[in-house]
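Participant: Please work from the sequences and hints to get the whole structure.
Under the numbering used here, the residues of the sequence shown are numbered 1 to 378, in order.
Bear in mind the hints are in silico, worked out from the structure with no lab data behind them.
Heads up, none of these hints are tricks.
Derived lysine-lysine pairs resembling DSSO-like cross-links, with alpha carbons at most 30 Å apart:
| id | residue 1 | residue 2 |
| --- | --- | --- |
| 1 | K302 | K282 |
| 2 | K114 | K17 |
| 3 | K240 | K47 |
| 4 | K336 | K282 |
| 5 | K47 | K292 |
| 6 | K114 | K292 |
| 7 | K47 | K282 |
| 8 | K347 | K282 |
| 9 | K211 | K240 |
| 10 | K302 | K292 |
| 11 | K292 | K113 |
| 12 | K282 | K235 |
| 13 | K113 | K302 |
| 14 | K47 | K105 |
| 15 | K182 | K258 |
| 16 | K129 | K211 |
| 17 | K129 | K282 |
| 18 | K347 | K336 |
| 19 | K235 | K211 |
| 20 | K292 | K235 |
| 21 | K258 | K268 |
| 22 | K282 | K211 |
| 23 | K47 | K113 |
| 24 | K268 | K282 |
| 25 | K302 | K47 |
For clarity, every value in this text was computed on a predicted model and none was experimentally measured.
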Amino acid sequence: MEFVEVREGLARILVPKAERIYDAPVFYNPVMALNRDISVLAVGVLKPRTVLDALSATGIRGIRYALETPVEEVWLNDINEEAFNLILRNVRLNLGVDGERIGEKRLSFEGEKKVIANLDDANRIMAEKFRYFDFLDLDPFGSPVEFLDTALRSVRRRGVLAVTATDTGVLCGAYRHACRRKYLAEPIRGELCHEAGLRILIGTVVRYAAKYDLGVEVLLAYYRDHYFRAFLRLKSGARKADGSIERLGYLWQDENGKFGYENSFLPKRPAAYGPLWLGPLKNQEFADEVLKLANEYSLAHKKTLPFLETISEELDVPFHYDTHALARRNNLQVGKLVEIIEILRGKGYSATRTHFSPMAVKTDAPFEEVLEALRSLQ
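Facilitator: Here it is as structure tokens:
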């Protein structure tokens with residue numbers, strides 16, 4: 001196998017040489033550098049002692065945690081033996097120390113930080129390390145649902161689960177039956193699909209967590225580059241779990257683009273989408289701290305900082321209006337987004353851009369006011 005060296009953040013890693021990234025025997029996706037940037041910043045703000053990168057592949061994510069954050073102990077796990085051997089090479093390359101075998105499939109590297117490389121099924125290592133990790137990163141190819149039960153039990157009390165889903169076609173309604181099977185939810189297609197997909201993902205974690213009397217606080221959640229990502233603090237107690245369940249509900253939308261949502265355990269309309277999370281998509285203080293730290297870091301992706309600025313400034317209300325879709329649905333010309341935002345603000349409403357779409361507005365204004373703003377620009 002031939003390798004090339006890649007630099008990302010403070011890390012240098014070897015990755016398999018391949019014509020296409022999906023053909024490589026060990027997967028490395030440079031597009032996900034922004035995802036890893038934000039994850040490094042989140043860990044930098046949270047300052048956990050123990051971290052697990054459950055599905056490590058090349059080891060880039062966990063190695064960046066070790067090099068760029070104050071974490072004390074990082075575990076890198078993969079079930080693929082080729083990936084495991086590459087993780088060992090990349091850890092040696094970055095830490096400059098050899099590993100000591102502490103198990104049949106486990107090596108410990110101890111320099112300034114302790115890094116443990118492990119060859120095993122992710123569910124097995126998470127089940128073994130019950131309530132051990134302060135921060136657990138679940139970044140699978142596809143859906144994370146098969147790992148949620150063990151992941152939730154592997155995180156310490158008040159620890160954080162960072163979860164990615166790349167099965168956007170499922171969560172966005174292109175494969176509705178798969179969404180029903182995996183997430184036990186009805187997805188929506190169209191302009192709201194990305195936000196609804198993210199909220200279905202969070203809602204699924206909430207329902208899994210409730211089985212273990214765990215509540216969920218969303219620290220930061222977003223959609224980007226055909227994946228969903230959420231940083232979720234777990235809080236112990238039946239009341240915490242009940243409180244999170246009460247923030248689940250359903251979405252509806254009519255043919256003109258008007259949407260509504262309701263907190264309820266069961267849908268009250270025949271055509272409803274969900275269940276999904278209707279609570280906040282960020283803790284504003286946490287989002288601001290991540291953004292502040294981003295200004296001090298040498299980031300791997302040039303778009304990380306402006307993306308975080310948009311999220312920090314974004315109005316945190318459920319769902320948004322895509323002005324192009326709204327104009328098309330109502331036979332109107334599309335007005336400039338900045339002018340629509342100014343009109344709504346001039347009427348006393350809150351209105352901002354949203355990271356879900358460069359053509360959309362987040363606002364607390366009713367549908368009729370948003371439509372009137374579009375009409376006034378004809």
